[in-house]
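J.: So the sequence lines, in the order shown, correspond to chains A and B. Our numbering applies: residue 1 is where the first sequence begins, and numbers increase by one. Our numbering applies: residue 1 is where the second sequence begins, and numbers increase by one.
Hints are computed from structural coordinates only; laboratory data are not their basis. Here the structure is a predicted model, which is why all the values come from computation and not from measurement. Certain hints may be false.
Footprint (simulated), chain B over chain A, 3 or more residues, beta carbon under 8 angstroms [as the list claims (entries may be wrong)]:
#, segment
1, 158 to 171
2, 197 to 207
Distance condition first, Cα-Cα at most 20 angstroms in a straight line; then the derived EDC-like pairs of lysine to aspartate or glutamate [claimed, not checked]:
#, chain 1, residue 1, chain 2, residue 2
3, A, 220, B, 60
4, A, 239, A, 224
5, B, 50, A, 231
In this text, a Cβ means the ideal position worked out from N, Cα and C, and glycines have one as well.
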Amino acid sequence: MMKPTIWQKNISILLGFVSILFFVFAAFYFSKIQPKMIRFDAITTTEEGLLNWVGVGLLFFLAFCLLSLLRTVQHLKKSSSVSFLSIALVIMGVLALLFVFSDVALLGDIAKQYRHGLDQPEWMLVYPIMGFQLFVALVFTYFHITGFSKETQQEFVARDSNIYLVVQFVGVVCGLMGLVLASLGFVYARAWSLVVHTTMSSIILLFPYGLAVAYWLVTKLREENRQWYDEKQLLDVGKSAFLTLVVSVVFMTALFIANYGNLSGVISIIWLPLYLFFVLFLFSASNLFFAGRE
Amino acid sequence: MKLGNRLREFRFQNNQISQQDLANAVGVTRLTILSIENGRFTPSAFLALKIARYFNVHFEDIFYLDDEGQEK
């Protein structure tokens with residue numbers, strides 16, 4: 001019977017090729033449909049039907065990203081050290097995963113604006129995002145075929161430190177992206193929606209971090225003589241928590257004062273994501289900083 | 001004043017045991033052993049005693065008070 005790791009590898013390679021073919025198809029399809037939509041020409045039923053395949057393709061790519069991240073983290077779990085390449089792969093995977101949701105949102109907006117006879121500036125974002133996703137699909141597929149980096153693999157790791165570091169890196173990426181997104185509320189205050197931009201976007205941006213924390217929890221639950229943190233990690237987490245507490249109080253107070261004249265404005269619906277992502281970013285970044293002081 | 005140590009020396013004298021193997025034996029992460037060796041982290045008395053017991057030596061054989069060293 002085939003080992004689960006062999007299955008994972010084969011499925012990853014298959015999904016990788018499907019994703020690459022999908023992005024090639026999407027580029028071709030969009031290049032045909034975009035000029036028509038910009039000119040508000042009628043699009044055929046076949047062309048409209050093909051849009052469903054874009055959705056299916058994105059689902060395949062989402063599955064590919066999740067499996068690729070899982071394989072990367074599994075490799076890292078017993079690596080003798082966390083290399084720059086492995087972390088770059090994790091960050092790229094997380095970004096590509098998050099961009100799947102932005103693809104859906106952008107394409108949805110484009111379709112809506114076309115129907116209402118409005119301009120579709122979102123096309124400017126679709127191509128670079130999908131280009132990046134194609135690049136990620138190519139890189140991960142390459143690593144799935146050739147094998148991940150050749151760092152020394154430990155036979156046994158009693159107390160995890162690598163997954164802990166990966167969680168912090170994912171926290172930094174998600175926190176930073178969330179901060180940028182929530183800050184856009186100040187720029188597009190009139191168009192900001194509580195449901196879509198504040199609630200849904202925050203949930204989506206927290207999704208990779210949630211997955212990373214869940215994987216870390218599973219790793220911890222499987223350890224014999226379980227201890228959530230060893231004494232150095234506990235000290236680092238304590239220092240990070242204190243720093244985060246102090247800085248976040250200053251940050252939120254400054255935000256309150258800066259918006260004192262308009263507290264019922266957009267700040268009333270973006271203060272929570274701003275706080276959440278600021279805390280996530282700062283806590284994760286300071287954990288990395290203290291862990292790196294070896 | 002800081003707590004100095006000869007941990008690296010002891011690892012090499014004992015079959016060049018890796019940081020990971022020592023970490024597994026005393027129940028901490030590899031990064032913690034690395035931090036102790038580099039003098040960036042002062043272990044608790046409990047951990048220091050576990051390390052000494054692992055090498056079958058007295059606490060003072062591995063750890064010492066370094067009067068001239070600065071806490072990093």
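J.: Each hint needs a verdict: does it hold in this structure or not?
T.: Comparing the hints with the structure gives:
1. For the segment 158 to 171 of chain A, the proposed coverage by chain B is satisfied: 5 residues have a C-beta within less than 8 angstroms of a C-beta in that chain, meeting the threshold of three.
2. For the segment 197 to 207 of chain A, the stated coverage by chain B is violated: 0 residues have a C-beta nearer than 8 angstroms to a C-beta of that chain, whereas at least 3 were required.
3. In summary, the hint linking residue 220 (chain A) to residue 60 (chain B) is not supported, as the alpha carbons are separated by about 33 angstroms, beyond the 20 angstroms threshold.
4. Taken as a hint, the residue 239 (chain A) and residue 224 (chain A) pair is broken in the structure, with Cα atoms around 27 angstroms apart against an allowance of 20 angstroms.
5. Distance restraint check for residue 50 (chain B) and residue 231 (chain A): the Cα-Cα separation of roughly 13 angstroms lies within the 20 angstroms cut-off, and the hinted pair is therefore satisfied.
When each numbered hint is compared with the structure, violations occur for hints 2, 3, 4.
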